[in-house]
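First to last, the protein sequences are chains A and B.
The opening position of the first sequence corresponds to residue 151 in the numbering used here, with each subsequent residue numbered one higher.
The opening position of the second sequence corresponds to residue 30 in the numbering used here, with each subsequent residue numbered one higher.
Hints may contain errors.
Said to hold, decoys possible - Pairs of lysine-lysine residues, derived as DSSO-like cross-links and limited to a Cα-Cα distance of at most 30 angstroms, are as follows:
1. B:Lys575 <-> A:Lys343
2. A:Lys343 <-> B:Lys174
3. B:Lys473 <-> B:Lys316
4. B:Lys316 <-> B:Lys250
5. A:Lys184 <-> B:Lys528
6. B:Lys604 <-> B:Lys666
7. A:Lys184 <-> B:Lys247
8. B:Lys527 <-> A:Lys343
No lab work stands behind these hints: they were computed from the structure.
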Amino acid sequence: MSLNANALVDEAGSTDPIGDGPQVSTGRGRLVLKRFLRNRAATIGLVIVVLMFLSAFVGPDIDQWKYTDIDFENFQTPPSGAHWFGTTQTGQDMFALCMRGLQKSLIIGLVGGVLTTAFAALVGACAGYYGRWADRILSWFIDLFLVLPSFLMLSILSPWFRGKTWMILIPLLAAFAWMITARIVRAQAMSLKNREFVSAARFMGVPGWRIILRHILPNIASLLIIDAVLNVAATILGEVNLSFFGFGVQAPDVSLGTLIDTGQQDIGSYQWLLVFPMACLVVLLLAVNMIGDGLRDALDPNAQGAKSKVRRPKAERRDSTPVLTEPVTVEVD
Amino acid sequence: MSQSSESFPLQSQNGRAVSLNDTPALEVADLEISFPSEAGVVSAVRGVNYQLRRGEVLGIVGESGSGKSVTAMAVLGLLPETAQVTGSVRLGGRELLNLGDKEMSKIRGRELAMVFQDPLSALTPVFTIGSQIIEALQVHQDISKADARKRAVELLDLVGIPDPQRRVDNFPHEFSGGMRQRAMIAQAIANDPAVIIADEPTTALDVTIQAQILDVLKTAKDVTGAAIVMITHDLGVVAGFADRVMVMYAGRPVETGVVEDIYYEPRMPYTIGLLGSIPRLDDTERKALTPIDGNPPNLSALPVGCPFQARCPIVVDVCRQVEPVLERAGSDVHHSACHRAGELVTGSLPVDEVYPVPEIPEARAARIPRDQRPAVLEITNLHKHFPLTRGALAKRKVGEVRAVDGIDLEIRAGETVGLVGESGCGKTTTLMQLLELVSPEQGKIVVLGKDTANLHQNERRELRRDLQVVFQDPMASLDPRMPVGAILAEPLRSFGRKKAEVFARVTELLKLVGLEPEHANRFPAEFSGGQRQRIGIARALALEPKVVILDEPVSALDVSIQAGVLNLLEELKAKLDLSYLFVAHDLSVVRHTSDRVAVMYLGRIVEVGDVAQIFDAPSHPYTQALLSAIPVPDPRKERERARILLEGDLPSPTNIPSGCRFRNRCPKFQTLAEGDQARCIGEDPSLHGLDEPGHEAACHFAGALSVV
Ligand SMILES: Nc1ncnc2c1ncn2[C@@H]1O[C@H](COP(=O)(O)OP(=O)(O)OP(=O)(O)O)[C@@H](O)[C@H]1O
Ligand code: SF4
Ligand code: SF4
Ligand SMILES: [Mg+2]
C-alpha cells in the first residue's frame with residue numbers, strides 16, 4: 151500500500167454514493183460506454199464524424215451541382231456563393247467533389263484502418279497466446295507478407311481486380327499494412343500470457359479465444375487504438391497509390407486522396423483545390439483521434455478524465471476517512 | 030506541537046552494557062517532514078522524538094505509509110530536495126539537519142551506517158563485494174589498500190560469509206539474497222559506526238535466513254557497540270531484538286515504551302489491534318484474530334482529532350475534536366497517545382475487550398473423524414523437472430532443475446492442509462502442476478476421485494469448477510482493465526450461466542466476502558490490498574468449488590488487514606464446506622489456519638502431520654530449524670528461545686546432494702557418529718511413520734524436539 155490513500159475505498163466497504171448509481175454491472179460494455187460519453191472531447195469527435203457522414207451523403211443533394219457537372223462559365227474560380235469551395239480547371243464544383251470524395255474516404259479510412267488493426271491484433275494475439283505450432287504458422291505468415299514486395303504483388307493482381315467494385319481496395323490496403331503491428335501484438339501477448347490474471351482465467355476454465363478477446367486485447371488497447379488511428383490516415387492516403395494500379399477509385403470518380411493528389415500540383419495559384427479536401431481530411435483525422443483518445447481513456451481504469459465526478463455537498467465531506475475514490479470535484483453543468 | 034520529548038531510561042532491557050557517556054548517540058527531536066504533492070501537502074511525519082544511547086536498540090513498528098522509512102531517511106539526510114524538514118537530529122550532540130550534502134556524506138558510512146531491505150540496490154552490481162567494502166574503508170579512513178582488503182576479509186568472516194578469502198572477489202549477483210544482506214552489514218560496520226539504521230533488513234528474506242541475519246546484526250552491535258534503529262512491520266522481530274519500541278501511526282509515534290510494556294501492557298488501541306491481529310506460533314488453541322477494520326488515513330487530508338478514530342473500536346466524541354498527545358501511561362517510560370489510555374491503565378476498560386472477537390462457525394466436516402472423510406485431492410510421487418539448456422541456437426541440455434522431486438500429499442474433505450517451505454523449494458511449481466489438470470511427467474494426481482491422466486477436454490473443464498485458486502498477489506491476478514463485476518462474472522459466463530443468474534450471483538459473492546454490490550462497477554486499482562484479495566477469493570468461489578488452492582493469500586498484505594482475510598477464509602470454509610490447500614512460508618499463519626501441515630524442502634516433503642504434531646513435536650531437523658527461526662511476538666519467551674541456526678542457503682535444485690538432500694545444512698548430521706553420517710550421505714530417506722499415526726518424516730534419525 152502506498153502513502154496515497156486517496157485511491158482507496160475503505161476496507162469495511164462503504165456505502166458512499168458513487169457517480170454510477172446503484173446499478174451493478176456484470177459486464178464491461180456499459181461501463182466503457184458511460185466512461186466514453188463522459189469524455190467531452192471524445193463525444194465531440196464522435197459528433198464530428200457523424201456530421202461528416204451526413205454532409206458527405208446528404209450534402210450533395212442540397213448542393214445544386216453534381217460532382218460530374220461542368221460549369222462552363224466558371225473554370226478555376228475561387229470560392230463564391232454559387233460554388234462554395236470554388237471550381238476546378240474543368241469547371242467541376244469543388245464542394246460536390248469534396249463530398250463525393252469524403253463518401254469514399256470515410257468508408258475506406260474508417261473500415262480500412264480498423265480492419266487493419268483488428269486483423270493484426272487477432273493474428274498477433276493468437277500467435278503470442280497459443281504459441282507452439284500456431285505461433286510458427288502465423289509468424290511464418292507475417293514474415294511472408296513482410297518480405298513480399300507489395301507493389302509487385304499489386305501489379306500482378308491488378309488485372310484480376312480491374313473493373314470490380316472499389317470496395318475491394320479496403321482489404322487490399324489492409325493486407326499490406328498489418329504485419330508490423332501483428333509482430334508487436336504477438337510480443338505483448340506472449341508477456342501477458344504469463345501474467346497471473348491470465349493464468350487465473352485459464353484455471354477457471356475460460357476458453358482461449360475468450361481470454362484473447364477479454365484479457366489480452368483490452369490490455370494492449372492503448373497500442374491498438376493509436377495504431378488504428380494512424381491506420382485511418384495511412385489508408386486514406388495510401389488509396390492514391392492504388393489508383394496507379396488501376397483499381398481503387400478511378401476518374402471521373404474521386405476520393406479525398408485523389409483530390410489532394412491533384413490539388414497539390416496547383417498549390418501555388420489555386421489554393422482552394424488543395425485546401426478544402428485537405429481540411430476535410432484534417433478534420434476527419436482530428437475527430438478520429440479524439441474518439442481514439444476517449445476510447446483509450448474509457449478502457450484504462452487509471453485515466454483521470456473518464457472517472458465519474460463525485461457530487462457531494464461540502465458539509466457531508468468527511469476528510470477523515472479515505473472513502474473517496476478520487477479527489478472531490480464538483481460538477482458544473 | 031506539544032510532544033513529550035522525554036527520553037527513555039539508560040539500562041538496556043537485554044541486560045547488555047550501556048555506555049555511561051551522557052550525550053545520546055542519536056537524538057531526534059520534534060522531527061516533522063512534509064512533501065508537497067498534487068493532492069496537497071502530505072504530512073509524512075508529524076513530530077517524532079527519541080534518544081538512543083550506544084548499544085541500545087530502538088524498534089520502530091507500524092503499517093506501510095506510517096512514516097517509518099521517511100524518519101530514517103531524514104536522519105540519514107537522504108530525503109529528496111522537495112521534502113520540508115523541521116526539528117532536530119543530533120548525532121553525538123552534533124546537529125545534522127543543517128549540514129550540506131558534502132558534510133553529510135562524510136558522516137554517512139562512518140558514524141551513521143545503514144542497512145536496507147533490498148541489498149541489490151545498495152550494492153553496485155559492477156564492482157566486487159570486496160572493492161565496495163574497501164572503498165567504504167578508504168573513503169573514511171587513512172588506510173592502505175592491502176590493509177583495507179585484509180579488513181574486508183575479516184568483516185566478511187564476521188558476518189558469516191563462508192570462505193571469505195575467495196568470496197571477497199565475487200560480484201553482488203553471485204551472492205544469494207541472504208549473503209548480500211550480510212555483505213551490506215559488513216559494509217555498514219566497516220568504519221565502526223555509532224548508529225546503524227536498519228530499514229526492514231529481513232523483510233525480503235526467508236525465515237531461516239532472517240534468523241541468521243538478525244544474529245549477524247546482534248554480533249555487529251556487540252562488536253561495534255553501535256546503537257541500532259530497527260524499522261520493521263514484524264512485531265516478532267522486534268520482540269526479541271529491541272530494547273525499546275516506538276509504534277507509529279499516520280506519521281506520529283502513538284505509543285512508546287520498553288519492549289515489555291508494549292507487548293504485555295499495550296495502552297493504545299492501534300497497538301492492541303496490531304498484537305491481536307497477528308497469528309502466533311505459540312498459540313495452542315485456535316481463536317479468531319481481531320482485525321483492524323479500515324485503512325490508514327490520507328496523509329494529505331488528516332482528520333481533526335485522533336488519526337486512528339475511523340478504525341478505533343472505542344472511539345469517543347473527544348477523539349473527533351482533539352488529537353491526543355503522548356502522555357505517560359503506566360510506568361514513567363511508557364507513553365501512549367490516546368484519550369482513553371487512562372481507562373486502559375486502570376483496567377476499567379479491559380485491554381482484551383477493546384476489539385470485538387469475531388464469531389467463526391465450526392466446520393461441519395470437522396465432526397467426522399478424518400479417516401472416514403473422502404480424499405478430495407491425492408498426489409502420488411509427483412515430479413516436475415525443468416531442462417536446463419545452454420546455447421542460443423542449438424539448445425543443448427546441460428542439466429535439470431528438479432523443482433518437484435517426488436511428492437505425496439493427500440487432502441481429505443473439509444480440511445486445510447498447509448504446505449510450507451522456503452522460497453524456491455517448489456511450492457508454486459507443485460500448485461501449477463495441480464491446476465493444469467494434465468497428466469504429470471511422472472506420478473499421479475487424483476482430484477475428487479478423477480485421475481488427471483485420463484481426462485477428456487470436457488471433463489477437464491468440468492473439473493475446473495471444483496478446483497479453484499487464490500493467488501498471492503491480488504493486483505497481479507485481477508485483470509486491471511476489467512471492472513470487478515465483470516471479473517466475478519467471467520467464470521460464470523464461461524460455464525454458460527444466464528445473465529440474470531450471473532447478476533444475482535455476483536451480488537451474492539460480493540456480499541459473501543464483505544464488499545458492497547456497488548463495488549462491482551469499480552476497477553481493481555480502486556481498492557485496497559485487502560479488498561482486492563477479497564475479490565480474488567470471491568472469484569475463486571464463484572463456481573462453488575469443493576477445493577480451493579490458496580497460494581500465499583495473505584503474504585502481500587499488511588498485518589492488520591491479513592487478519593480480516595484469514596478470518597474470512599475460515600468462515601467461508603465452514604459455511605461452504607470447502608477444503609483448502611494453503612501454501613505459505615509463514616508458519617504462524619499455517620498454525621492458525623491448517624489442520625494438517627506438510628513441510629517441503631528442495632522439491633520433497635520432509636515432514637507431514639497434524640498441526641499439533643508438527644508444531645509441538647517437530648521431528649525432522651529441517652522442521653525444527655524452520656520453527657525455531659520464527660520470532661514470537663513475546664519478548665520474554667523470545668529471549669529464552671534457543672535458535673537452531675541453519676548454515677548456508679537453500680542449495681540449487683540443479684544440484685541436489687546425494688543421500689539426504691538436507692545433509693549439508695542439517696544440524697543433527699554434525700552430531701552424528703561417522704557410521705550414521707555415512708547413512709545420511711548414502712541413503713535417501715523416504716517419508717516413514719513416527720510414533721503417532723498420521724505423522725511422518727523423511728529423516729533416518731527423526732526425533733521430536735520442542736522448539737516453539
Ligand atoms: N520455468 C522454469 N524454468 C526453470 N526453473 C524453474 C522454472 N520455474 C521454476 N523454476 C525453479 O524451480 C524452483 C522452485 O520454484 P517455485 O517457484 O516453485 O518456488 P516457491 O517455493 O514457490 O518459491 P516462492 O516462495 O519464492 O514463491 C526454483 O529454483 C525455480 O528457480
Ligand atoms: S484517542 Fe480515541 S480514537 Fe484515538 S485511539 Fe484513543 S480512543 Fe481511539
Ligand atoms: S537423514 Fe541425516 S542429514 Fe538428513 S535430516 Fe536426518 S539426520 Fe539430517
Ligand atoms: Mg511461490
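Hints the structure fails to honour: Failing hints, ascending: 2, 3, 4, 6, 7.
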